[in-house]
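Heads up: the protein sequence lines correspond to chains A and B, in order. When the letters of the first sequence are read in order and numbered with our numbering, they come out as residues 1 to 79. When the letters of the second sequence are read in order and numbered with our numbering, they come out as residues 1 to 79.
The set of hints was computed from the structure by calculation and includes no laboratory data. Please note that the accuracy of each hint is not assured.
Below 30 Å or equal to it, Euclidean Cα-Cα: the simulated DSSO-like pairs (lysine-lysine) are [unchecked claim]:
| no. | chain 1 | residue 1 | chain 2 | residue 2 |
| --- | --- | --- | --- | --- |
| 1 | B | Lys46 | A | Lys66 |
| 2 | B | Lys49 | A | Lys46 |
| 3 | B | Lys32 | A | Lys59 |
| 4 | B | Lys46 | B | Lys32 |
| 5 | B | Lys46 | B | Lys63 |
| 6 | A | Lys49 | B | Lys49 |
| 7 | A | Lys14 | B | Lys14 |
Protein chains: 2
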Amino acid sequence: APNAGRGRCLCTAKGSNFLPPKSLAKLEVFPKSSSCEHLEIIATFKDSKQQVCLNPDSKWVQKIVKNLIKRRSKRGSAL
Amino acid sequence: APNAGRGRCLCTAKGSNFLPPKSLAKLEVFPKSSSCEHLEIIATFKDSKQQVCLNPDSKWVQKIVKNLIKRRSKRGSAL
Numbered sequence: 001a002p003n004a005g006r007g008r009c010l011c012t013a014k015g016s017n018f019l020p021p022k023s024l025a026k027l028e029v030f031p032k033s034s035s036c037e038h039l040e041i042i043a044t045f046k047d048s049k050q051q052v053c054l055n056p057d058s059k060w061v062q063k064i065v066k067n068l069i070k071r072r073s074k075r076g077s078a079l
Numbered sequence: 001a002p003n004a005g006r007g008r009c010l011c012t013a014k015g016s017n018f019l020p021p022k023s024l025a026k027l028e029v030f031p032k033s034s035s036c037e038h039l040e041i042i043a044t045f046k047d048s049k050q051q052v053c054l055n056p057d058s059k060w061v062q063k064i065v066k067n068l069i070k071r072r073s074k075r076g077s078a079l
């Protein structure tokens, strides 16, 4: 889970390669910055409110983010 | 700017069609839910910490989100 330390990366490990889109309450994307030299993505789940770091390099994660935004894609994204 | 009312959409207007990627501190994506029937995207800016609603239908916004995640894209995203 992300640590709340100021001025450091929020995610210590690489992050999860998968997330069930239906259980997503919020997605936070932190571009690289002075406090963390790589992009970070944190998902917050609906029920548990649990926060999970996602792996920005994971094709699945990239696909979910893309579908999330292009919600009118024909396949009908689950969100 | 997003209103913090519980149980309602955070963004009242359609949102901005553009955002300068370099000034982005955080991007929050809220899938449609019981409290708001459409997807919302809120950008937080670096310096002012100001929050701005973005228009999820804007091609430019979709492109920024996609480039943000696919930071290894050849054009070299600005982030």
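*asked:* Would the hint linking B:Lys46 and B:Lys32 be met if the CA-CA limit is 30 Å?
replied: The hint holds at about 26 Å.
*Within a Cα-Cα threshold of 30 Å, do B:Lys49 and A:Lys46 meet the stated pairing?*
26 Å, holds
*Taken at face value, is the distance from the CA of A:Lys59 to the CA of B:Lys32 at most 30 Å?*
Holds, at about 23 Å.
*Given the hinted pair B:Lys46 and A:Lys66, is their alpha-carbon gap at most 30 Å?*
24 Å, holds
_With the threshold set at 30 Å, check whether the alpha-carbon distance from B:Lys46 to B:Lys63 stays at or below it._
20 Å, holds
*Distance restraint between A:Lys14 and B:Lys14, which requires alpha-carbon spacing of 30 Å or less*: 34 Å, violated
*Are the Cα atoms of A:Lys49 and B:Lys49 separated by 30 Å or less?*
24 Å, holds
In summary, the one numbered hint that this structure violates is 7.
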